[in-house]
Every structure is written in C-alpha cells, then in structure tokens.
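Residue numbers (the numbering used here), protein chains in the order written: chain C, 4 to 132; chain P, -17 to 525; chain S, 52 to 357.
Treat the hints with care, as some may be off.
As the list claims (entries may be wrong) - Examples of chain S residues lying across from chain P (beta carbon under 8 Å, computed):
1) 130
2) 133
3) 144
4) 157
5) 161
6) 299
If you are wondering where the hints come from, they were derived from the structure by calculation, not from laboratory data. In this text, a Cβ means the ideal position worked out from N, Cα and C, and glycines have one as well.
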Amino acid sequence: MNIQLVQGNGIPVYLQIVNQVKYLISSGRLQKDHELPAIRVLAEAILVNPNTVAKAYRELEVAGWVIKRAGAGTFVSGEASPLNKLSQEKIIRQSISAVLVEAKQMNISLPEIKDLVDEEHHKLQINQA
Amino acid sequence: MNTTFILVKDIFRPQHRLGVLLYILLIPLLFVLLKSHEHWWSEYFLINTNLYYLPLLLSFFYFSMVFSYADFSGKAFETGFPKYLYLLPVHSRKLASIPLLTSATFLTFYYLIYCQLILIPFGLEPATLLVIITMIAIQWWVQAIGWAFGHRQFAGIILLLIVINSLIVSAFILKAPPQVFTDNARLIAKLSFAFFIPSGLLLAVVAVKKDRYNDKIMPAKKNYNLLLPGFKIKQAFSNGFRAQVWYDFRLFGYILPAIVIGIAVLFSALMLIQGDDPHKSTTAIMVITLLMFFMAASVIGLEMAKPSFGNSELTLSNFMATRPLSDARYVYAKLIVAFCSLLSAWLIIVVIDTYIIAFSPLNEFFMPFWQQLIYGLNSNNSLSLYLLSITLPAALAWVFCGNNLSIALLGNKVILLVATFVTIFVLIFFFGSSIWFHKHPEHWQILKPLLPNIGIFISSTLLFMGAIFIFWLARRNKIERDLLRTLVAAMATIYWVLWLLTAFSFPQIALQAQTIITLLMLAFYCCLPFLTAPLSFARSRRK
Amino acid sequence: MSSSASAEAIVSIKNLTRTFNDKIALNKVNLEVNRGQIFGIVGENGAGKTTLIKHMLGLYKAQSGSVVMFNKNPVLDPPAVLSNIGYLSEEPDLPAWMTVSEILYYSASFYPKWDQQYADKLIDAFELPRSKKIKELSKGQRARIGLVLAQAHRPELLLLDEPSSGLDPIVRKDILGAIICGVMEEGRSVVFSSHLLEEVERVCDYLVMLHKGHILLSGALDDIIADHHIFTVKYAGPTKSPLNLENCHKITNLGPEIRIECAGEIETLKQNFCQLSADIIHHRTMTLDEIFTARSEDPQFSLGIM
Chain C
4 MNIQLVQGNG
14 IPVYLQIVNQ
24 VKYLISSGRL
34 QKDHELPAIR
44 VLAEAILVNP
54 NTVAKAYREL
64 EVAGWVIKRA
74 GAGTFVSGEA
84 SPLNKLSQEK
94 IIRQSISAVL
104 VEAKQMNISL
114 PEIKDLVDEE
124 HHKLQINQA
Chain P
-17 MNTTFILVKD
-7 IFRPQHRLGV
3 LLYILLIPLL
13 FVLLKSHEHW
23 WSEYFLINTN
33 LYYLPLLLSF
43 FYFSMVFSYA
53 DFSGKAFETG
63 FPKYLYLLPV
73 HSRKLASIPL
83 LTSATFLTFY
93 YLIYCQLILI
103 PFGLEPATLL
113 VIITMIAIQW
123 WVQAIGWAFG
133 HRQFAGIILL
143 LIVINSLIVS
153 AFILKAPPQV
163 FTDNARLIAK
173 LSFAFFIPSG
183 LLLAVVAVKK
193 DRYNDKIMPA
203 KKNYNLLLPG
213 FKIKQAFSNG
223 FRAQVWYDFR
233 LFGYILPAIV
243 IGIAVLFSAL
253 MLIQGDDPHK
263 STTAIMVITL
273 LMFFMAASVI
283 GLEMAKPSFG
293 NSELTLSNFM
303 ATRPLSDARY
313 VYAKLIVAFC
323 SLLSAWLIIV
333 VIDTYIIAFS
343 PLNEFFMPFW
353 QQLIYGLNSN
363 NSLSLYLLSI
373 TLPAALAWVF
383 CGNNLSIALL
393 GNKVILLVAT
403 FVTIFVLIFF
413 FGSSIWFHKH
423 PEHWQILKPL
433 LPNIGIFISS
443 TLLFMGAIFI
453 FWLARRNKIE
463 RDLLRTLVAA
473 MATIYWVLWL
483 LTAFSFPQIA
493 LQAQTIITLL
503 MLAFYCCLPF
513 LTAPLSFARS
523 RRK
Chain S
52 MSSSASAEAI
62 VSIKNLTRTF
72 NDKIALNKVN
82 LEVNRGQIFG
92 IVGENGAGKT
102 TLIKHMLGLY
112 KAQSGSVVMF
122 NKNPVLDPPA
132 VLSNIGYLSE
142 EPDLPAWMTV
152 SEILYYSASF
162 YPKWDQQYAD
172 KLIDAFELPR
182 SKKIKELSKG
192 QRARIGLVLA
202 QAHRPELLLL
212 DEPSSGLDPI
222 VRKDILGAII
232 CGVMEEGRSV
242 VFSSHLLEEV
252 ERVCDYLVML
262 HKGHILLSGA
272 LDDIIADHHI
282 FTVKYAGPTK
292 SPLNLENCHK
302 ITNLGPEIRI
312 ECAGEIETLK
322 QNFCQLSADI
332 IHHRTMTLDE
342 IFTARSEDPQ
352 FSLGIM
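Next comes chain C alone, as it looks inside the complex (with noise of 0.2 Å):
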C-alpha cells in the first residue's frame, strides 16, 4: 500500500494516511476485503508514530471503510455498507456547503446554483459516454 505523505501543508498526517487509504479504495487500487498492511509494518514503512497509524485506522473504521477482524488484521469493507454511505454523503454535504458559501458571497442566487449543477452534470455524461 503506498502512502505518502506531504508534510508542512497544515493537514495533520492521520489526516492524510485516513484520505489516501479512502482514495485507493475508492479508485478501486484496494479491492473488496483486502487486507491493510498491519499496524507496526506501515508505521515502520513511512516512520510514523503506530499510534498516528493506529488512529487512521480507528477513523477508517468508524466511517465505514475498513473492517477490524478480532485476530485477522483489518479489511477493507464492501461498498455497500449504511456506514459508509452516511460517511459518503458527509463528504458531499461538506463540499456544498462550501459552494453555497462562496456562491452567496458572489451574489449567486440558489435557481442559478441549481441550473449550474445541472450544466456540469450534462458535461460529465457526455464526457463519460
């Protein structure tokens, strides 16, 4: 599993291990039920503090991306799991709120916020097509 990590950019490094390992996951470079390295392997592997380690996977855990088994290590969870669409659409609601914020500051009106949504929703499909 490769991390790294970028260090003076004001992001605290438990941060940084708990996005990088949703992005991997996400991108879909960790599978399903793959096994995370172990604690002291990936603590040891980017020299960090295991308990730095140990609490991105706590975080990891209680979002809903990884699964702790008693004695087995830690995996990653299926997609499916209400955890992790809760954790998702947290994620989603922060990003709004910061559009929303900086639309009212621009003076953008909620119609025109929605009308825009829509534009970019239609580039992505046709994009994606």
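Keeping the supplied structure of chain C fixed, place chains P and S upon it in accordance with the hints.
For chains P and S alone, kept in the frame of chain C given last:
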C-alpha cells in the same frame, strides 16, 4: 610416551636444530676470527665492550627466541606458546616449567663450555655464577613475556627488550677488577635469585595457564588478559571497569615505559661508543634518567585527565561522561593505569641501573660511595639500603603523578597551567641544586646540619599558613567543599616536596625516611590520590 | 491515542530551574515521560533542549527542582541510570582512534544487557567497515555507529539530542526507523530533541516546546495540533464587527478575506464566527512549525494546555 621427553624434544624444533648446532660451532670460530684480527679493528672502534662476551650474547639472543617458542608463522613473528601443546594431558605448570628448566640447563652448560673453550684459554677469569644467573633471569622473563603477550603485536617489543638487554650487558660487562666484581656479584646474585628468577617462573606459569584456558572456554564476553589487556582487543571485557583500564592504558599507559626504554637505548648506544672513562658521563646519565623519569611521571599525571595525551582540551566528551561507570571507578582506572605504568617504567630503570653499576667500570666510582653511605648511616645492611633507594624515588614519583592527576581532574585549565609550572619548577630546582651542591661540597658541609631544622620549620610554617588561608576561604563560602579538599591535598604535597628539597642528599633522605613519622607521611601521600582524585572528578563530571 | 499499557513514569522532572552565570537556561520546567511514549522536545537553538537532556543524564546537578529517572537520582547513582539509557548526542564525540569493532567491544563491557548478535545485525545492515578507525568515517557513518551503540544494549530509554542535525536524509530515516522499531518491538521509551519540526510531527506522541528556557506548550501532539487553527473567513454582510476572539495570534487582512490564526476548541470557534456573522471559507489546523513560530513570537498567546 613420556610427556617430558616430548616437550623437551619439541623445544628443539626441526627448523631450529640446525641453527642451535651452527651457533655452538660458529661462535668459537667467530671469536677466533675476531681475536686474530684484533689489531685491525681495535684502532677504529673505541668500543667499551669486552669482545670475549659479545659472541656469547649474540647466541644468547638467538637462544632466547628458540626457548620461547618464537617463530615466523607466515608473515608475522609470533611469540605465543604453541597451542597444540595444550592438547597434551599435562598440567599447565609442567608445560611452562619444562621450557624454562631446559633453557636454564642448556644455557648453563653452554656457558660453562664457552668458558672452557674460549675465555680460560685466553686468560680470562669469568665470574661464572653472576653471568649465568643474569642470563637465566633475562631468559625466563623473555619467555614469560613472550607467552603472556603472545599472538599479539608485542613481538617487536620483546625483540627490543632483548636487544636492549644484550646491548647493556655487552656494553658494561667486564673491565671491573675481580674483587669488586665478586662483592657485587653476591648482591646481584642474591637479588636476581630472590626476585627475578622466581617471579619469572611464576609469570611464565600464569601466562601459560591463562592462555590455555582462554582458548578452551572461549566465553563470549570475558577477557582473561594477564597483565595488560592487549593493545588491540578481540572481545568485550567482563565489566566496564576493565574496559576503562584498557582504554586508559592504551592512551597513556605505554608512554612512560616507552620513554624510559627510549632513554635506555639512547644512552646504551652512547655508552657503547664512549671510550675508556665513562664514569662521569654515567653519573650524568643516571641523574638525567632519574630527572626525566620524575618529569615524565608528573607530566603523565597532568595529561591523564585529558581525552588523549597532548590534547589541548580538558573537558570530558559526552561519550565518556555517559559511560555507566561510577566516578570512583572511572578515576581508579586512571590511577591504576598510572601506577602500573610508573611501576613498570621504574622497574626498567632499576634493572638497567643495577646492571650499569654492577657491570661497568663505574664500580670503581660507585663502590667507595656506597661504602661511605653504609658507614655514614651506621648500617651494615647494604641490601636494605639498596631496597630503600629503589622504593623511595618510585614513591616520590607516584606522589607527584597521583596528585597531579587529582589536580588535573578538576577540569580547570588555569589550575592545570599553574600545576604544570610548579611541577617543572620544583623538579628543576631539586636536581639543579643537588648538582650545584655536589660541585660545591664546602657549602654543602655548612648547610647540612641546618637542613632538617630549616626544612621542617619553613615547610611547617607554609603549611600552616596555607591551611589557614584555605579554611578562611571556606568559611566565607567562597569555595566548594570538594574543591577545598583537593586544594589542601595539592598544597600539602607541594610543601612536603619543598621540605624534601632541603634534605636532598641521598643519605639524608634515607636517614629521614627511616623514621616512622616520615614513612607514615610518605604512605599517606601515596594514598592521598585515591581520596582526592574521585572528588576532583565528581566536580568536573557534573556541574 | 493511548500510550502503552502501564503509566509508569520513566522520567519525572519537576520545577527544574537552571542558571548559567545569571542567564536563565531553564525556568521551572516540568516534564513527565511514561513507558512506551515517544516524547519530543522542540525549541530553537539555545532554548534549553540540550541543558534539559543533560539534566536527565546526570551531567548537570539540579540547582532547584528535581530530576528523577527510573525512580532514581541520575546524579547520585550514575551507573544505575546510565545503563538503562541509550544516548546519542548531537555530534557523536566517539574516540577517534578506536576502530569500529574496538568501540563495540569496549561499549559492550559496560552493559550486561548488551546483545552482540543484534549489534552485529545492525552493523551489517548499516554496512559499517569494522576495521576502520572512527576518524576515517564520514559524519553519517559516525551517527550510525552512535545509533548502534545506543540501541545494542536494549535500553529502556532512548535519549537523542538533535540526532538528525547535519545528516543526509538516508541517515535521518535510519534514526527515525530506530526510534519507531524500538518503541514497537521493545516497548522502549524515546525522548528526542529536534528543531526539525516535521520529523517531530511524524513520530512523537507527546511534545514539549521550549523557548528561552521556559515551556510554551506541552501535551499530546494530537491535542496540540487539534487546538490550533487557521481560518479564512469573510463577512457575510457589510457591517464588520471587530473580531475580538480569545486566544488569537494573528489576524491578516487579505482584501475581502481575513486570515485568522487562533487556538481553541473548533466547535466553539465556529460558533464564535457564526455569532460575528463571518463565514468560514477555509479551515485547517496549524502545522507544528506554525504553532511554534506563533507561540514563540507572541508570549500572550497562551492556551492553557500545560
């Protein structure tokens, strides 16, 4: 098969059988050759050597090697006891004593034959007992040292020792008148017999035993080194204290013996090309050797507190300061190294000077002096006087060295500078004035009766004043208690030495030294470094 | 974010004060390191880090306050304390005349718990030439030997004083690796001082920040970081009520937006901004570097995590 026979046979190894035979035959030939051409070389070489003994000593050199199992193995010159002999079912005592007894027997017979064939036909009366005992003593020590330090880089030093001994003995052996020779011969023979021979035997047995069991058991962490840990180590020591002793010996311990050996080689070489009347220069040589010894001992004391000899820094590195070793042990390691170093250097001097006095024409000068001394002290026992004259300078040098070490361990550069200057001043004054008084005996006669009184008076006053001053400082809290103690020790030492200056003729010292109080004071000052050094160090290790 | 099982204090420093010739090097410093923790000491040059570490080693006597290591006094009982510590100083001043194998044998003699096989493994892993003298080695190699000597006797505490200064990244990685492995495999505690705050941020559990001899901050690293924020806000309406927030370090006007560096609990702060009608455009936690700069520049910026 008889193990004794095996061991004896093994000494005369195949590669050496021819050599030994050649030496036995060649030496007389060599001698005859030299003797027949005497008129040719005696004009060009003012060698103060009795040529008759030189071939004997050359062969002695070779035999030393043979009997100590020294050999070239591959590229290196090895001097250790042969390991395959350890497999024999014999006691280590026997393993060691057989070569020793063989060498003693061989040398005795060889010498007797040499006398019969060469010396006596040419009209020389050899002092048989003396020469044989000396040769056996040297031989046993060479063997013992070779086995103790064998398999290490000490071969060079052993060679050097052999060369020096041969040089000295050949330089001084001979022109003494027979009657004086035999008088000393009894003394020297007693000494050699009483000390050098049994100690050589003991050393050899212990060396073989330690070497043998070190191989058998091979413990991972223990180093059963005999006298000195090797120059280079091949395994860890059993505890930190021993490791620290090795460390300090490696850095400082070899310097004093090396200096003394260096001086001895230099002066022996000078003596060889001296000429016919060396007695004045010999006195000078002995005095200078003594001066250099005291100077070197004092300087070693000052330098030992530094990270290495001659370093300008006085501070302890982080690495050394964090060794898990208590202050006392750290300091005792240094003191032990200083003590052993001093002792070995002093023994070298004693041995050399004994040879010089016993064998050289210096006898003519020295013997009356010695007789006068004995008469002046109303002492019939020249042996005890000899022993006293050996121990007293060594004790003095130790006092200098040990107390200098205590002062240096304070870690203060200014104090160190002051101590260095005081040391040099005291020593030069000591020797300078004794030489001056030697040249102006009339002044000496006037001064002599007053000396003890003046000396005691001056030094007591100074001591008293110094003590008052220091305690006054202490009461005013201007000085820390442990620094106070060290200062008191240092000042007391200086004053005591100054007191000695006023009694610097040798008989006077001996006389003074015979009083119980002086002896007790001497003992106290010898022990003082063990008290003051840890205090000084504790102060500098943690601030 | 829990420390290891037992809360046994390996290092316990209380109210330590130290002056050198009327200059205060340490001012009422308190420190407690428990078993299994990785403890960082950060500060600029001259802040007192080395002085603090030397007190732990027993090289300085506590002028006032107390220093207790493994329940012992390091000044009164040096061998007992030092035999449980593996120390690597900033410039490892190893005896230059010794060869690598000699210094290993020499050091091994002092520690009953010395593991020769482990030492050999490390020497081989670092590819250190055994017969070369230390003066012939490069700086990085010397640091590596120092690291081997500090670890080979499996000490309870690894004490590193600016171990990475002046070393190339590979050697720095070795040092960090040693720290982490030691803690994981042996339950070792680590105290290391550094001014490379990035390293400290990666590796430490707990932290103490020194500045001119006194403590700016101390506590769990995660807590410290979680309580220092940089907000970028914009006023919702035309009225701009002055932002008087507690625990505010710096307010920078960037045109229409305002950048605020402050400390406190995030939810409370968000509510404050809400009350002041300021919208949060962006938020992140401060890096350790930024926290240190902020705190050392502004003595009034006090948080109360002590």
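Hints, one by one, checked against the model:
1. Checking residue 130 of chain S against chain P by beta carbon gives a least distance of about 4 Å; that is within 8 Å, so the hint holds.
2. Taken as an interface hint, residue 133 of chain S checks out: its beta carbon lies about 4 Å from the nearest beta carbon of chain P, inside 8 Å.
3. Taken as an interface hint, residue 144 of chain S checks out: its beta carbon lies about 4 Å from the nearest beta carbon of chain P, inside 8 Å.
4. The restraint placing residue 157 of chain S at the interface with chain P holds, with a minimum CB-CB distance near 5 Å, inside the 8 Å limit.
5. Taking 8 Å as the C-beta cut-off, the interface hint given for residue 161 of chain S holds, the closest approach to chain P being about 4 Å.
6. About 42 Å separates the beta-carbon of residue 299 of chain S from the nearest beta-carbon of chain P, more than 8 Å, and the hint is not met.
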